[in-house]
Amino acid sequence: MTTPQVPDPATLAPSEEYDLYFGPNHPGIEGNYSVRVRLKGDVICQAVADGGYLHRGFEKIMEDRLWVQNIALVPRICVPDPVPMEESYARAVEMIGGLEVPLRAQWIRVLMLELSRICAHLFTFGGNAATIGLYTNMFWGVTMRDLFLDIFEEITGARIYHIYITPGGVRRDLPEGVLERIEALLVELEERMPQFEDLFFNNAVVIDRATGTGRMSAEEALAWGVTGPNLRATGVASDVRRDDPYLVYPQVDFDIVTETGGDALARMMVRKGEVVQAVKIVRQAIAALRKVGGPVRCELPNPLAWDLPAGDAYARTESSKGELGFYIVSNGGPRPYRVHVRGASSMHAVQVLEKLLVGSRIEDVAQIMFSLDACPPEVDR
Amino acid sequence: MTDKPLKSHVRPPQDTMPGGAGQGCPAPDAQTRSIWRRIMDDFADHCRARSLFVLHYCTGCGAIELPPTITSRFDMERVGITPMVTPRQADILLITGYLSLKTLKRVILSYEQMQGPKYVLGFGSCTINGGMYWNSYATMKRLDQYIPTDLFIAGCMPRPEAVQQVLLKLIEDIDAGRANAWQDYYRNYDFYLGNQQRLFGAGWNTPTDVIGEARHYGYYGPGTEGEHTRLLAEGGGSAARLAHAEYPSTALTGRIKS
Amino acid sequence: MPRHGEGHESAHDKLKRAQTLEEILETALGFEATARDFYAELAGRVSKPLRELVEELAEEEKEHYRLFSELKANPDIAGALKELVERPAEDHRFSDFIQKPDLGEAPDDQAILQYALAREDAAAKQYAALAQSTPEGPVRDLFTHLAKEELAHKAELEKRYYEIVHSGGV
Amino acid sequence: MSIPARLNEVLNELPAIQARPAGARRVRVDVAPQGLPALLELLKGRLGFIHLSAISCVDWIEDGQFELVYHVWSHEMKLLVSCHVRIAREPGVYVSVHDIHEPAGFFERDIHEMFGVHFDGAPSMEKFILTSWEGPPPMRKDFNTRKHVEETFEWVDYRPDWLKDIERKGGGIES
Amino acid sequence: MSDIAPKYKGSMLRPLKALSFLFREPATLPMRPRPAAKVYRGFHLNDWEKCVGCATCQQICDNDAIRMVHIPALPSDPAKGIRPRRPAIDYGRCCWCALCVDICPTGSLSMSREYIHVSRDVDSYFILPDEEGMHGVRYPQGWAKDENADLLDLKRQEMPEEPPQERADNFSEICEGYDPQTAMLEASRCIQCGMCHDACPAHMHAPEYIRAIFEGDFEKSVAEIYRTNPFPQVCGRVCTHRCETACSIGKRGEPVAIRWLKRAAVDNVPQDRTIAIALKDKAKTKTGKRVAIAGAGPAGLTAAFDLAKLGHEVTVYEEKPRPGGMMRYGIPEYRLPYERIDADIAVIEAAGVKIRCNTKLGRDVTMAQLKGQADAVLLSTGLNKGRSTRIPGSDHPQVRAAVDLLARITLGEAFDIPASAVVIGGGNVAFDIARSLARLQRRAFGKVEVTVLALEERDKMLADEEEVIESAQEGVKLINGRGPKQVVIEGDALKGLETVKCLSIFDEQGRFHPRYDETDVMFHPAQMVIEAIGQMSDVSFLGEDLTEQLEWSRGRIRIDEAGRTSVPWLWAAGDLVKGPDVISAIATGHAAAASIHAALMGETEAREAK
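Residue numbers (numbering that gives the first Met the number 0), protein chains in the order written: chain A, 0 to 380; chain B, 0 to 257; chain C, 0 to 169; chain D, 0 to 174; chain E, 0 to 609.
Among the hints, a few may not be true.
With a Cα cut of at most 20 Å, we get these calculated DMTMM-like pairs of lysine to aspartate or glutamate [to be verified]:
{"id": "1", "chain 1": "E", "residue 1": "Lys37", "chain 2": "A", "residue 2": "Glu175"}
{"id": "2", "chain 1": "E", "residue 1": "Lys494", "chain 2": "E", "residue 2": "Asp415"}
{"id": "3", "chain 1": "A", "residue 1": "Lys354", "chain 2": "D", "residue 2": "Glu101"}
{"id": "4", "chain 1": "D", "residue 1": "Lys140", "chain 2": "D", "residue 2": "Glu40"}
{"id": "5", "chain 1": "D", "residue 1": "Lys140", "chain 2": "A", "residue 2": "Asp63"}
{"id": "6", "chain 1": "D", "residue 1": "Lys146", "chain 2": "E", "residue 2": "Asp63"}
{"id": "7", "chain 1": "D", "residue 1": "Lys140", "chain 2": "A", "residue 2": "Glu62"}
{"id": "8", "chain 1": "C", "residue 1": "Lys47", "chain 2": "E", "residue 2": "Asp544"}
{"id": "9", "chain 1": "E", "residue 1": "Lys37", "chain 2": "A", "residue 2": "Glu153"}
{"id": "10", "chain 1": "E", "residue 1": "Lys16", "chain 2": "A", "residue 2": "Glu189"}
{"id": "11", "chain 1": "E", "residue 1": "Lys384", "chain 2": "C", "residue 2": "Asp107"}
{"id": "12", "chain 1": "D", "residue 1": "Lys146", "chain 2": "A", "residue 2": "Glu58"}
{"id": "13", "chain 1": "C", "residue 1": "Lys47", "chain 2": "E", "residue 2": "Glu543"}
{"id": "14", "chain 1": "C", "residue 1": "Lys47", "chain 2": "E", "residue 2": "Asp537"}
{"id": "15", "chain 1": "E", "residue 1": "Lys49", "chain 2": "E", "residue 2": "Glu130"}
{"id": "16", "chain 1": "D", "residue 1": "Lys168", "chain 2": "E", "residue 2": "Asp129"}
{"id": "17", "chain 1": "C", "residue 1": "Lys47", "chain 2": "E", "residue 2": "Asp559"}
{"id": "18", "chain 1": "B", "residue 1": "Lys168", "chain 2": "E", "residue 2": "Asp120"}
{"id": "19", "chain 1": "D", "residue 1": "Lys163", "chain 2": "E", "residue 2": "Asp122"}
{"id": "20", "chain 1": "D", "residue 1": "Lys126", "chain 2": "A", "residue 2": "Glu58"}
{"id": "21", "chain 1": "E", "residue 1": "Lys219", "chain 2": "E", "residue 2": "Asp280"}
{"id": "22", "chain 1": "E", "residue 1": "Lys219", "chain 2": "A", "residue 2": "Asp306"}
{"id": "23", "chain 1": "D", "residue 1": "Lys146", "chain 2": "A", "residue 2": "Asp63"}
{"id": "24", "chain 1": "B", "residue 1": "Lys168", "chain 2": "E", "residue 2": "Asp122"}
{"id": "25", "chain 1": "D", "residue 1": "Lys146", "chain 2": "A", "residue 2": "Glu62"}
{"id": "26", "chain 1": "E", "residue 1": "Lys384", "chain 2": "C", "residue 2": "Asp108"}
{"id": "27", "chain 1": "C", "residue 1": "Lys158", "chain 2": "E", "residue 2": "Glu455"}
{"id": "28", "chain 1": "C", "residue 1": "Lys47", "chain 2": "E", "residue 2": "Glu550"}
{"id": "29", "chain 1": "E", "residue 1": "Lys16", "chain 2": "A", "residue 2": "Glu196"}
{"id": "30", "chain 1": "E", "residue 1": "Lys79", "chain 2": "E", "residue 2": "Glu48"}
{"id": "31", "chain 1": "C", "residue 1": "Lys47", "chain 2": "E", "residue 2": "Glu547"}
{"id": "32", "chain 1": "D", "residue 1": "Lys77", "chain 2": "A", "residue 2": "Asp254"}
{"id": "33", "chain 1": "E", "residue 1": "Lys37", "chain 2": "A", "residue 2": "Glu179"}
{"id": "34", "chain 1": "D", "residue 1": "Lys163", "chain 2": "E", "residue 2": "Asp120"}
{"id": "35", "chain 1": "D", "residue 1": "Lys163", "chain 2": "E", "residue 2": "Asp415"}
{"id": "36", "chain 1": "E", "residue 1": "Lys154", "chain 2": "A", "residue 2": "Glu298"}
Stretch-level coverage of chain B by chain D, calculated; a stretch enters the list once three of its residues show a Cβ under 8 Å from a Cβ in chain D [claimed, not checked]:
{"id": "37", "stretch": "127 to 134"}
{"id": "38", "stretch": "191 to 205"}
Treat the hints as calculated values from the structure; they're not laboratory data.
The C-beta atom is built at its ideal place from N, Cα and C for all residues, glycine as well.
One chain only, chain A, in its complex shape (with noise of 0.2 Å):
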């Protein structure tokens, strides 16, 4: 076996662009993901996203599974934000099914969603300040999402996969006490945000890094398909709980937190605002759930032999990401006939990121892909 030749630099054609792989191997990617940019010196000038890393076939193999079945593959879809997807799902379901959700699981659900919600921007607190190089945040954050992961597991037997939300409900009642515990922790979430500000709302070269990376105007953000707090962030005050209500959002009252910039610091600030609205939610939800008794699940049928009524229906969600979408198909049998996924990165990581990074620099990749917050399950599935 002879060694391998390399082919004499000189015979390349001169140019003073080069193309580089970002990712799929590099930490300041989100997830299994990369980015094929060509540079012309240290600003890109042309960006090309290539996903499917991370392409299961989601939507294939869940028309191989009953109803029931799919509760457990749904959660997968997008690891660090996994409720909205279960919520959407069993919506989907319930809406071609024409199935009641008790009061209580309801509420049990919003409690869910807005825990999920105050995890993955914690998450992505974290991920952000990291692609920037400051990787305390980055501990700060996922230990005090560790400890929300601990309530997850106490709620629903397990810390990331809950598999807990289901057609017609909720899978179980909640524990005693762990509603207090929830509260113990939003308290100890609130002493700790002054500290995250500190390091790094308020920090000085953050806020020099982020105003200006990965600026989008609001027409831009609506022509583009952006939504969630990358579209908040431009300004536009749409948010799927307050434009499609579903559950008990109605009942729930919390203000929408817009910012002008629409740049990567506007959509921290966004998120920052979110989770200070997502804990006065839990603790609107934590009271509502003192009062609110009763079942936590409807009647359902033997899974095994439950047929849909035919017939679709599309759930929209408000995921930490953005506006998740669930459209089911039956076709009155026991498995789903089709069921399409519109992940919110579906649009942020693919299409914007590749605007976004055109005549943006090369250290500021990472943190425009982290900052639109694009998770890449979402968008191979």
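Fit chains B, C, D and E to the known structure of chain A by using the hints.
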């Protein structure tokens, strides 16, 4: 996967006799090493076990449990384990859960670039027998068919404490000199290459000259070359392999509109 | 061949007079023999479905006969008796308050079984009564043992009766 | 849950349209293939349906058709309109609407990859996710993923000790 | 670097704020695994006592991770729905979603709080969970089934019934049956574990016909039923439903109403369609063989149906005016209306079976004639004579046998209805006659005076539970633990029955060994005493020489497992040889038909037929 090689192929026995038939210096096995060599090896093992670098590559969904394991709550730095960005400097390759075929190619490339001795840990059910995605067309089912795996851990996904335990067990194995699954990649390269070609077609190859390395390290055994490596050679010399490599630099220009 | 049924009254007096163990066993063997011969003769007269049942009854009586004769031949009767007596046995009445029917010419299975049950019960009662009336000692032990044997046999018949009459031979 | 008046006016201007409410803040519109771009234009221009939430594709293999569903949302009217279009499965070609809604670029490429529907004029019909997949478009109903897996992969044949001594005693795994 | 906005210019001392961290609890946990939460989903536990091997966990597992392992040493009891196999779980597939735990009918499967298993050996990931847990360390239980997390529907659909006051004085049917919608709901509860198929003497394809009902295809359901049971109308009402005793859902909830679903299926298919379905596999060609069957009970007619479908010429001889045997003359109409029996028999006659009624074997036709006219003869005359306790006075004319009275009621022959009556016996027959008499009394006298005297205690009664409950609602009195002593007669008038207290019926080994308390005697005044203690067959029609030729065992004709007697051309089936219920009779009918068919077509070596 148009021209698929033979469906099933028997994997040659693991432990080949020291001083095997192949060329190059015989593999240094425990008994014949000099006292001095054995002291140095044990000392090297001891030091290596205390400062393992994990390749920072989130291959699957289990990677979400790595930040807690590495950051302050479960802090694996206490036993000297920290993430490392590049394969060249990494010791451990964590396969955290399922591997889609596209990622499997990158994992094999990264694995071959890592310096021996290197260790592979399989997290969760997906690496053992397919896990949840057993009926998916897009994921590999058994990790130990494509790269040699030191330890598996049960879980879907394993908790940080479980990750701690597998890393501690790995440290123990390294100390005891048992963690040498990586040598198996050289000894039975044909078996691994066969499985890889079965997924990616006979033309699949990587720029690393594994057979040359096997000879260099002295792990060349009867399983290193065989029917699949012959297919590899037939696919043209190293130049062809470079041209046909997975990531031709011209791909980008083709699409850019001037 | 003594007419069936009346043999027992005279047996009571006969046994009363006999003192030694051998004599008692001798008379008991006599009763078993008469029962065995009675059933053997009856087997010939009944229709085939019942013949098997009656032959089994004859077989059981023959078994009894063998048991008692073995006991008789055993030199140390007293010793053997002691441990035989320990085994507990209680007295049970019949499921249908059975009276001893007059078998007549073509008795059916229920009639035969009721006759056999009544006969066993009468024998057991009689031995038990004799055991009460004799002082402590080998004779009393023998009578108790005989009573227990008859009771065990009756329990067996009771089970057969339930199977054939009540559950329709299922 | 009736159809808002303003929407009704717009819908009546277009030929071959059926619309019906489909739940809270949901309206379903069935439209002929050639009428869709016009419908999207009208909805976007007149009623503020600027947000294309998703384009879903359903493979009705028995009817030999693909059903494309365009979910558009209007921030003003707080309403989601799902426009359902049926196109023939062979040759499975349709027109791109990326000029009306920019996000369509991703969805069309995704549907092309997964179902093999070709969108004329789409910014890019290249593979994005399945670059390592040479098989047919996997989401089509005629592609059986289980059969493909059985042919391509082998399963672990577990031989733990407890199984061996159960087999020695005559037991074993039931098929 | 652009100049920093004043607001963010921290003072020199700002870093000192970090000193506050010195006094805070470190977040780092010790390097030991923490105990998991109370509902944690860890490695599986399985309570082998409760587990019955129904494999429902294997069905619900979305990752095909569970394999059933057959273990011969385990208890196996098809009648109670227990199979000697346990689930083994492949931790190379499992996703710990605990759907298997939530659907487990017996609640034996649960999850422990153990979550660490590290190994190089792949085989160690295939485990057979028991109570010890994966590594035998007995971790506490984590996720287990509770009422919220139960995926199974443990309540049965209500069966609409006539209220007591409406049914007390008439023989109209009590159960009104499921309407199609309720039937489909009830059928959806079935988890297809197949325990009922094993428990049923005729091995009916219950899972298949229940699934067909669930899919709304009642005709397919009827087709599945007719594979093994030509009496869906009858069995849908009066079967002893052993399948429901074995039903896995019955372990913790109410079993699936398998019997009533049979009825729902056949009630929703028009009679002509049922006939077409039942005769789908009728042989086109006649075999030219002739079979004579004595007794048109369930066994005889089942055999006739099978043989007719196989192309044989079948004639059934029945002594009573209408076919049906004990189904018609032993079961009152409020349980099984006669037109339902006729519907089933109509299907059988449509297969070409000729039934000759009012021809008693031994009187109108002899065994020799049967043998002459047919290549094979099947005896299925059943047990139609009542047993008497033969207690003193039991030969009085007012001491009647229950089966005779029930037959009279069906035949419509009038008999002097007693103002008060006493029934000896605690089985279904006793309650049938008691409730029939109660209806007749209410119609004749406006009040009910019937007392049932059962040997057994209230909780160990032989009769079905609903019989005992419904009879009490209709005014029938019940006294437990009474053994009959004697019938009290003054002059030639019957005064009543004397009974003694029965202390216990079975001894410790469970053998029948009644013990009485002689002193506790009760007197029950009654004008009639009805004995319902058992039945016997009347085989006098065989004649002397055939009786001698035949082999007998325990007073009944000896048959091989297929129902063939020692006489090559004679078979026997039904209660005559093997009881106790309709479904067993059907099962023996099938066996006999198959054996006859095999013999007639010479598949077995052609033993000298005649």
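Here's how the hints hold up against the structure:
Straight-line distance between C-alpha atoms of lysine 37 (chain E) and glutamate 175 (chain A) comes to about 11 Å, which keeps the hinted pair within the 20 Å bound. Restraint check for lysine 494 (chain E) and aspartate 415 (chain E): satisfied, since their Cα atoms lie roughly 16 Å apart, inside the 20 Å limit. Of the pairs offered as hints, the one joining lysine 354 (chain A) and glutamate 101 (chain D) holds, with about 12 Å between alpha carbons and a cut-off of 20 Å not exceeded. Between lysine 140 (chain D) and glutamate 40 (chain D) the CA atoms are separated by roughly 32 Å; this puts the pair beyond 20 Å, and the hint is violated.
Note on lysine 140 (chain D) and aspartate 63 (chain A): the hinted pairing holds, with a Cα-Cα distance of about 11 Å set against a maximum of 20 Å. Distance check on the hinted pair: lysine 146 (chain D) and aspartate 63 (chain E) sit about 15 Å apart at the alpha-carbon level, within 20 Å; holds. With a CA separation close to 10 Å, the supplied pair lysine 140 (chain D) and glutamate 62 (chain A) stays within the 20 Å bound. Restraint check for lysine 47 (chain C) and aspartate 544 (chain E): the C-alpha separation of about 10 Å stays at or below 20 Å, so the hint holds.
Between lysine 37 (chain E) and glutamate 153 (chain A) the CA atoms are separated by roughly 7 Å; this keeps the pair inside 20 Å, and the hint holds. For the suggested pair lysine 16 (chain E) and glutamate 189 (chain A), the alpha carbons sit about 17 Å apart, so the restraint of at most 20 Å is met. Between lysine 384 (chain E) and aspartate 107 (chain C) the CA atoms are separated by roughly 13 Å; this keeps the pair inside 20 Å, and the hint holds. Restraint check for lysine 146 (chain D) and glutamate 58 (chain A): satisfied, since their Cα atoms lie roughly 17 Å apart, inside the 20 Å limit.
Our distance criterion of 20 Å between C-alpha atoms is met by lysine 47 (chain C) and glutamate 543 (chain E), whose separation comes to about 9 Å. For the hint linking lysine 47 (chain C) to aspartate 537 (chain E), the alpha-carbon distance of about 14 Å falls within 20 Å, and the restraint holds. Annotation: proposed proximity of lysine 49 (chain E) to glutamate 130 (chain E) holds, straight-line Cα distance about 11 Å (limit 20 Å). Between lysine 168 (chain D) and aspartate 129 (chain E) the alpha-carbon distance is near 19 Å, which keeps this suggested pair within the 20 Å criterion.
Taken as a hint, the lysine 47 (chain C) and aspartate 559 (chain E) pair is honoured in the structure, with Cα atoms around 19 Å apart against an allowance of 20 Å. Of the supplied pair hints, the one linking lysine 168 (chain B) and aspartate 120 (chain E) holds, its CA atoms being roughly 14 Å apart against a limit of 20 Å. Distance restraint check for lysine 163 (chain D) and aspartate 122 (chain E): the Cα-Cα separation of roughly 11 Å lies within the 20 Å cut-off, and the hinted pair is therefore satisfied. Taken as a hint, the lysine 126 (chain D) and glutamate 58 (chain A) pair is honoured in the structure, with Cα atoms around 17 Å apart against an allowance of 20 Å.
Distance hint between lysine 219 (chain E) and aspartate 280 (chain E) is fulfilled; the C-alpha atoms sit about 14 Å from each other, no more than 20 Å. Restraint check for lysine 219 (chain E) and aspartate 306 (chain A): the C-alpha separation of about 18 Å stays at or below 20 Å, so the hint holds. Between lysine 146 (chain D) and aspartate 63 (chain A) the alpha-carbon distance is near 12 Å, which keeps this suggested pair within the 20 Å criterion. Among the hinted pairs, lysine 168 (chain B) with aspartate 122 (chain E) is consistent with the structure: their alpha-carbon atoms are about 18 Å apart, no more than 20 Å.
As the CA atoms of lysine 146 (chain D) and glutamate 62 (chain A) are separated by approximately 14 Å, the hinted pair is consistent with the 20 Å bound. About 14 Å separates the Cα atoms of lysine 384 (chain E) and aspartate 108 (chain C), which keeps this hinted pair within 20 Å; it holds. For the given pair, lysine 158 (chain C) sits about 16 Å from glutamate 455 (chain E) by alpha-carbon distance, which is consistent with the 20 Å threshold. For the hint pairing lysine 47 (chain C) with glutamate 550 (chain E), the CA-to-CA distance comes to about 8 Å; that is within 20 Å, so the pair holds.
At roughly 13 Å between alpha-carbon atoms, lysine 16 (chain E) and glutamate 196 (chain A) fall within 20 Å of each other, so this suggested pair holds. Restraint check: the Cα-Cα separation between lysine 79 (chain E) and glutamate 48 (chain E) comes to about 14 Å, which is no more than 20 Å; the hinted pair holds. Between lysine 47 (chain C) and glutamate 547 (chain E) the CA atoms are separated by roughly 6 Å; this keeps the pair inside 20 Å, and the hint holds. This hinted pair checks out: lysine 77 (chain D) and aspartate 254 (chain A) have alpha carbons roughly 17 Å apart, not beyond 20 Å.
Only pairs whose Cα atoms come within 20 Å are accepted, and lysine 37 (chain E) paired with glutamate 179 (chain A) is accepted, the gap being roughly 17 Å. Between lysine 163 (chain D) and aspartate 120 (chain E) the CA atoms are separated by roughly 16 Å; this keeps the pair inside 20 Å, and the hint holds. Restraint check for lysine 163 (chain D) and aspartate 415 (chain E): the C-alpha separation of about 73 Å exceeds 20 Å, so the hint is violated. Between lysine 154 (chain E) and glutamate 298 (chain A) the alpha-carbon distance is near 11 Å, which keeps this suggested pair within the 20 Å criterion.
Three residues within the 8 Å Cβ limit are the bar, and the stretch 127 to 134 of chain B against chain D gives 5, so the coverage statement holds. With 4 residues bearing a CB less than 8 Å from a CB of chain D, the stretch 191 to 205 of chain B meets the requirement of three and the coverage assertion stands.
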